[in-house]
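Please take these sequences and the hints and turn them into a complete structure.
Line order of the protein sequences matches chains Z and R. In terms of numbering that gives the first Met the number 0, the first sequence is residues 0 to 243. In terms of numbering that gives the first Met the number 0, the second sequence is residues 0 to 243.
Derived by calculation from the structure, the hints in this document are not laboratory data. The beta-carbon is built from N, C-alpha and C at its ideal position, and this holds for glycine as well.
Partial list, derived from the structure: chain Z residues whose beta carbon lies under 10 Å from chain R:
(1) 17
(2) 18
(3) 21
(4) 22
(5) 91
(6) 93
(7) 101
(8) 114
(9) 115
(10) 133
(11) 134
(12) 137
(13) 139
(14) 140
(15) 155
(16) 164
Protein chains: 2
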Amino acid sequence: MSGFVSFVGSGPGDPELLTLKAADRLKRADAVLFDDLSAGPILALARPGADLVGVGKRAGRPSPRQDHVSRLLVDYARAGGRVVRLKSGDGGLFGRLEEELVAVRAASIAYEIVPGIPSPFAAAAACGIPLTRRLTARRVQFVTGHDVDGRLPPDIDLAALADPKACTVVFMGQRTFPALAAALMERGLAGDTPALLAEAVGTPEQALHRLTVAALAERLAGAVSSRPALIVYGPLAELGVGFD
Amino acid sequence: MSGFVSFVGSGPGDPELLTLKAADRLKRADAVLFDDLSAGPILALARPGADLVGVGKRAGRPSPRQDHVSRLLVDYARAGGRVVRLKSGDGGLFGRLEEELVAVRAASIAYEIVPGIPSPFAAAAACGIPLTRRLTARRVQFVTGHDVDGRLPPDIDLAALADPKACTVVFMGQRTFPALAAALMERGLAGDTPALLAEAVGTPEQALHRLTVAALAERLAGAVSSRPALIVYGPLAELGVGFD
Numbered sequence: 000m001s002g003f004v005s006f007v008g009s010g011p012g013d014p015e016l017l018t019l020k021a022a023d024r025l026k027r028a029d030a031v032l033f034d035d036l037s038a039g040p041i042l043a044l045a046r047p048g049a050d051l052v053g054v055g056k057r058a059g060r061p062s063p064r065q066d067h068v069s070r071l072l073v074d075y076a077r078a079g080g081r082v083v084r085l086k087s088g089d090g091g092l093f094g095r096l097e098e099e100l101v102a103v104r105a106a107s108i109a110y111e112i113v114p115g116i117p118s119p120f121a122a123a124a125a126c127g128i129p130l131t132r133r134l135t136a137r138r139v140q141f142v143t144g145h146d147v148d149g150r151l152p153p154d155i156d157l158a159a160l161a162d163p164k165a166c167t168v169v170f171m172g173q174r175t176f177p178a179l180a181a182a183l184m185e186r187g188l189a190g191d192t193p194a195l196l197a198e199a200v201g202t203p204e205q206a207l208h209r210l211t212v213a214a215l216a217e218r219l220a221g222a223v224s225s226r227p228a229l230i231v232y233g234p235l236a237e238l239g240v241g242f243d
Numbered sequence: 000m001s002g003f004v005s006f007v008g009s010g011p012g013d014p015e016l017l018t019l020k021a022a023d024r025l026k027r028a029d030a031v032l033f034d035d036l037s038a039g040p041i042l043a044l045a046r047p048g049a050d051l052v053g054v055g056k057r058a059g060r061p062s063p064r065q066d067h068v069s070r071l072l073v074d075y076a077r078a079g080g081r082v083v084r085l086k087s088g089d090g091g092l093f094g095r096l097e098e099e100l101v102a103v104r105a106a107s108i109a110y111e112i113v114p115g116i117p118s119p120f121a122a123a124a125a126c127g128i129p130l131t132r133r134l135t136a137r138r139v140q141f142v143t144g145h146d147v148d149g150r151l152p153p154d155i156d157l158a159a160l161a162d163p164k165a166c167t168v169v170f171m172g173q174r175t176f177p178a179l180a181a182a183l184m185e186r187g188l189a190g191d192t193p194a195l196l197a198e199a200v201g202t203p204e205q206a207l208h209r210l211t212v213a214a215l216a217e218r219l220a221g222a223v224s225s226r227p228a229l230i231v232y233g234p235l236a237e238l239g240v241g242f243d
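Shown next, in the form of structure tokens:
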């Protein structure tokens, strides 16, 4: 008896953005441990009869401790089954994958990682733009906008983030963006740099907004939606579709 | 008669890493315009009878001009068909997507963008590591290692790339990495920073190597493989599998 764990990136939430490999692993799973963001219609692809176990965080509710998730994962695998650990987007991008990999390795359980569509790529596609531009946007960077205490991470590299030639994507940055934008503009980033706010990408609640860095900071200083959102700014292409 | 263009990211080359949406678009395509990197077994998923047109670049051979590709795309769509423009990885990441979007929009042809698994995420999954690490690798950045003339881009942001807390992925950087590594070490990046060389990710020729920044620079100063490769460096997790 020895189980197998597939760490599967679900993409942003739209079942059509699952990979063929992810869909296959769901179809054959004995248990699926899922985050709230990766739930919904994707779970309908799991094998009927599979255990579906929600282990995700959700704003405003207490979330299971990471060591509890790791223990569940090991317990399900030790029971001999095929376990899918479904993580939204790509599990290796701000997904706390490492802690779970360490636990599974320590338990000598075999595993694989199945990449998923990271949310920034789904957001850019939904907006109808590329993330890079020939000659003018040749660096793309992803950062988290909040630290464990909910504030802007103290070691954030402001010089790198104020580079007008980079396309920057901020995860979980709605509450801290007014402070971040002020710091970036102080370092010379133009307030009229194009910015996108992409809420609930890949779900029926998806909403896309095109603004500028200064206007987005002002908007978020007023009110922050409870929907998960990405912020993208930089020399974005003057194309784009589907904005709200 | 009016056609429709789906700009489809193929992922790194492994058909299992196509999204369900990409597979659907291939099955219904009248024509597929593909890059060399996105070819191979993925094309077997196209509708039998679809026109399969290679328009990609390949090292050492003259490549079609970008305006020729755009014109072909418009011509196929104007003929009234469903056209898939297949781009390796995610088309919006160093894929010259914008030029083709502009051409299709100028011709008033309807289109959509289907995101694909970007090669760095496939490479990290194949190596068994996440790209981010809690607290120690909280910024991820992607850059191209060569300019139109094959040299290191002159406007590359060395300070951002020398940040020891970022995970950096260099596309098309095999030939210029010795020069880049020297510049980064001059700016204080430790020579023993972990580095990966991921060749031909998602294909049967895949080869993964784990080294350090200094050792990789030395290796690439000697000989460069003709296979497409990604370079990843930064505070990478001490996990990892499948290295050659």
